[in-house]
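**Q** Chain residues, written in single-letter form:
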Amino acid sequence: MDLLIDADDLAFVDEARIFFERDYPRDIIDKARAGIVLTRDDHVRAQQALQARGWLGVGWPAEHGGPGWTPVRRYLFEQELERAGALSIIPMAVIYIGPIVCAFGTPEQQAHWLPDILESRAMWAQGYSEPESGSDLASLAMTATRDGDDFILQGSKIWTSGAHWADWIFCLVRTEKTARKQDGISMICVDMRTPGVEVRPIITMDGSHELNQVRFDAVRVPATNLIGEEGRGWYYANVLLSAERVSYAHVGRKRADLAALAVLGEERLGANNGFRQRLARAGIMLDVVEISVLRVLTGDAEPAAVSGLKIACTQLAQEITALWVELAGRDRSALVDRSAAGWSAQAPAVPGFAVTRTASYLFERAQTIYGGSTEVQKTIVWRHLARGGALGRRA
Amino acid sequence: MDFSLSGEQQQLRDSVRGWLKSHHGFEHRRAISRSESGWDAATWTAFADDLGILSLADIAVPHDAVTVMVVMEELGEALITVPFLETVVTGAAVLRAAGGEAAQALSDGIIAGDVRLALAWAEPDTRYGWQPRTTRAVREGNGWRLDGLKSVVVGAPWATHLIVSALTDTGTSLFVVAPDAIGVSLMSYPTIDGRRAADVRFEGVVLSGDALLGEEGAALPVLERVGDISIAAMGAEAVGVMRRMLADTIEYTGQRKQFGQPIASFQVLQHRMVDMFMQIEMATSAVYLATLRLEAEPAERARAASVAKVTIGEACRFVGQNAVQLHGGMGMTDDAAVSHYFKRATVIEGEFGTTDHHVERFISVAG
Amino acid sequence: MNLDWSDDELAFRQEVREFFAENLTDELRSAGTWMTSVYADHERSLAWQRILHKRGWVAPAWPVEHGGAGWSVAQRYIFARERAAAGAPPVSPMGIAMCGPAIIGHGNDWQKAHFLPRMLSGEHFWCQGYSEPGAGSDLAALQMRAEDDGDALVCTGQKIWNTHADVANWGFFLVRTSRLERLQQGITFLLVDMTTPGVTVRPIVSPAGEHIQNEIFFDQVRVPKANVVGAIDNGWTVAKYLLEFERGGSAYAPDLQVRLDQIEAAARTVAVGDGMLADDAAFVRRLALARIRLAAFETYEFRAMAGPALSGASASVMKVLGTELQQHVTELGLLVAGRYGMAYQPQAGMPGGQVSLPHAHGTFVGPRQAAVAPLRYLNERAGSIYAGSNEIQRNIIAKTLRL
Ligand SMILES: Cc1cc2nc3c(=O)[nH]c(=O)nc-3n(C[C@H](O)[C@H](O)[C@H](O)COP(=O)(O)OP(=O)(O)OC[C@H]3O[C@@H](n4cnc5c(N)ncnc54)[C@H](O)[C@@H]3O)c2cc1C
Ligand SMILES: Cc1cc2nc3c(=O)[nH]c(=O)nc-3n(C[C@H](O)[C@H](O)[C@H](O)COP(=O)(O)OP(=O)(O)OC[C@H]3O[C@@H](n4cnc5c(N)ncnc54)[C@H](O)[C@@H]3O)c2cc1C
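Heads up: the sequence lines are chains A, B and C, in that order.
Mapping to the UniProt record's numbering: the first sequence position 274 is 274, numbers consecutive.
Mapping to the UniProt record's numbering: the second sequence position 233 is 233, numbers consecutive.
Mapping to the UniProt record's numbering: the third sequence position 380 is 380, numbers consecutive.
In case anyone wonders, no lab produced these hints; they're calculated from the structure.
Glycine included, every Cβ here is placed at the ideal spot set by N, Cα and C.
A portion of the hints provided could be inaccurate.
Beyond 10 Å from chain A on every Cβ pair, some chain C residues (computed) [claimed, not checked]:
#1 R17
#2 F20
#3 R29
#4 S30
#5 I51
#6 T237
#7 D261
#8 G275
#9 A296
#10 F302
#11 M305
#12 S356
#13 G388
#14 R394
Have a look at the derived ranges for each label pair, beta carbon to beta carbon [as the list claims (entries may be wrong)]:
#15 C:T156 <-> A:P131: 57 to 63 Å
#16 A:H209 <-> C:L401: 31 to 37 Å
#17 A:G54 <-> B:Q11: 43 to 49 Å
#18 B:E295 <-> A:H209: 47 to 53 Å
#19 C:Q354 <-> A:L3: 22 to 28 Å
#20 C:L401 <-> A:G54: 52 to 58 Å
#21 A:T298 <-> B:T45: 34 to 40 Å
#22 B:S55 <-> A:Y248: 40 to 46 Å
#23 A:R330 <-> C:Q14: 43 to 49 Å
My request is simple: use the sequences and hints to build the entire structure.
**A** Structure, rendered in structure tokens:
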């Protein structure tokens, strides 16, 4: 048992660090730092820079253009990316649907979709949640009815992140009414330009437009867009998730945040003991979360622990946003439009972080809602425990 | 990066677990802790002869932190009373730092099952600081004269040797003192977790020159390190204690029926047990961190140990309180194992520094 | 709206203070100050009750006609605060605070005339017999049988967790007289002389080693029907009435204020580094947060006692918040105790019952506050379990939130 990092991995860390310093678009890092709202094009350029190095398809097999990293190496990469203040990879295409297409798609589908994803020619959205199906996702009602070589889609998806930027959407739809709700669900990909697809924005409480409602009114989709077999959509949606179960940890970003909070805290509050103590507790929690993440990556943790870790990570993320707001004090009240450089002139006496971090505080409440809410996650963990999962121990 | 145990460590764990299961049940534990001396000779002898785990005190080899962790977790789950932590972990760590013939002899004595140590470090006014305030040793001829008072020396009534920290002209030093030496008096009492401790008074105790352990005046960094080693091991014990409390609670709520159903069918209780579980998992990670950083440079080692102590302390409190709560009235009885585990957890929470103490220490070493 | 005491109330406070100054002996003061749980030492608590009795102050909430003090809620609050500050032991609640109100509310004239004076004088010392092994949170599932036999009910069965049953000479019990459709029906509220043949009491030892709770076994115990409070089969009504008293009948804040003061005083004597714990920034914050919580809670108690019921569940709200604050205060006590909190020294305190675990006799080490701190911490875990566990209280509150 040890915490040592291989010489190869250490060399990789250096390589990544140099990459982010030299070869990654500096202006994007600066823009993100300045809190200016990022555009679709910013993300495209950022991902292209990663792909230029072959580092975009992080979870993909090498034969489909992935870098073929071990979990630990991938973790180190993410650490460096976040440390550098580079943009996180938008997960919908690269992290979510890409690996599914790699594993279950036909050669034609792979040839059609995968290169566009890696080259950032296409953006994707995830169409799972519906107005009446959130935590109880398996109850979803949007239908896909076979009609010759096509499916006709009818229904509505909601909370769809980035649908307004997306070229494609992968949806869970009901192709059959079955005794077990999960058995009648299929996964199908839809070109967003197909007639009958309508995207309506949902503005979140921080004032930003990230979410959408997507309606499907008699949308005709070729049956060749079906992933794998009919009725297996639930399986495809879930089976690869385990590889992504710690992608929400963002340890590097949290560490960078805590370091910044320490400096700014000292500046603004002096030796305020209450703040320092809270910050230290977050630092302590982060150290522990990091080891827990590494345990998961190296296969040491029980399944129950893996589900539970999402709760700890998101709770810590929210505590960090709360620390920012605490530091902002009264300055948290300013709400300004950050679509262009120089936005801080709208509230000249308010420090920039107060504006951006308050917005994060509001938006990041979502972390404990999406990706399996905290409550739902606890119920999943409980099922493991009730089966004796607490007593099982590493080999 | 690797979190797996070696084949040997797994075997040792299984044999320790197996022995404790068949020889150290709850009734044995309770009877021992209620006895006049609280001393569990049978278990100590078995540790020496059957299980061989006292050999972890061998100072001829480096401290094997991972194996100690593995063993401590099992000892926690069985809620042992014997001073394994005090002797094999804390005591041996002091001996290892001191080195030399006298230390090796004591180490050999531990392995044979004959020597038991207790570290007399805290004083009524020191709270969790390692530096003595009033206990003093002054040179007298070739030896020393020791005066002072040490508080809540855990394991002292069972110890064959006390290791005492004292101020000397050049700083803080450590001495080996026989509990029955002239001028040493023990005021012994049980601890709330059914073990034994004493306040120990030293009045003009005459020590020979070789009673000094290690270099004179150089003990503070040694004690800091010994403290971190002890925190890591005690944390592993805590994980064992907590796993057992959770297991008992899951089992109890699964079989206890109220309102016509097992009380584990109520979601609030399910989610509470999940919260307990997650605290234990975090504590486990924290113990790994502290254990695997014991050989790092002092600031990093201290940081990891403080991370562990805070995480363990909070987990002990949360898991312990809720294990009792979910047992209802039953949890409030001396008959229920869970109440005994809760008391051990409560002691662990307060030993080697409270949560507040270690948050402050984390701040001071993490910058 | 105002939060001030009136002149009359201030005068009353003065009167109470003088009374305490004159009547509270050091021994009694010690019994109140060094309690290790919510239960005071039996003998001393009874001795103090007799002193109060002379003054007519045993039962603050009872009407004067029944021998109570007939005080307003404000007066009761002032009295509780002064009692805590003076360190007087509390009067055992089972009789005065629980059974008494049940008899006053639902008893007949004979019961009032016979039991109330004896309860006040301490001649009758009461225990409560509700819970059973199979009926804890689900109290209505209780099984203990009481069969009709002429002018008596014959009781067979078991009760559990009965506080002070070992020293009580009377107990009030819930027994099943009929099996009816709803579990809550068919229960009878019965007063039992604990010396009746067939009653056996066995000790339960707490984690702090104290014997305060008991099991009670009934084997064909004949109890005169004259001891039924309310009607046969209608005991649940009486029990529910009484539960309200148990849950919200007395204020928590007065004791907590005093306890926090004591903790702060103790922290002034504990060295940390070169300073004192009372000046340690982390400790100061913890104490301040506790005081803030308590200030809000106390105001809630004032609101509850001053006005019409706050909500259907305000008694439950008070029980949950009050006991959790109480538990928190014991955590602070343990924090102050530091390493001395590891020592088991019940002899330094005034436990509410016999101590049976091995412990050092006579003297103790460390500050006395530190010796009682872990015992209080352990014992106080019961606060969220008894009198309707806090989970059950939250269920009750949740029902009132739904429109
Ligand atoms: C910012 C954001 C981005 C999102 N992006 C996408 C996306 O790109 N694509 C997509 O498909 N979806 C997306 N979602 C949707 C997300 O997956 C759902 O919000 C989530 O599944 C919860 O569903 P719901 O909102 O309907 O809440 P509900 O399911 O109605 O839950 C409401 C509350 O009830 C609790 N609850 C529900 N069931 C239980 C239970 N059995 N026991 C205890 N508590 C329970 C929940 O924990 C929650 O607190 C996004 C959501 C957000 C907020
Ligand atoms: C110190 C002490 C003194 C006592 N004194 C007396 C006395 O004098 N007289 C007397 O009659 N009784 C007394 N009791 C008994 C007390 O009233 C019961 O312990 C209490 O009602 C809980 O019942 P139980 O112990 O059977 O726990 P259970 O009912 O078995 O409960 C176990 C756990 O399950 C939870 N739970 C149960 N049902 C639900 C639900 N529906 N939803 C969510 N959670 C639930 C509980 O909250 C608890 O955490 C005393 C208890 C203690 C600890």
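**Q** To test your reading of the hints: which numbers does this structure violate?
**A** The structure breaks only hint 19.
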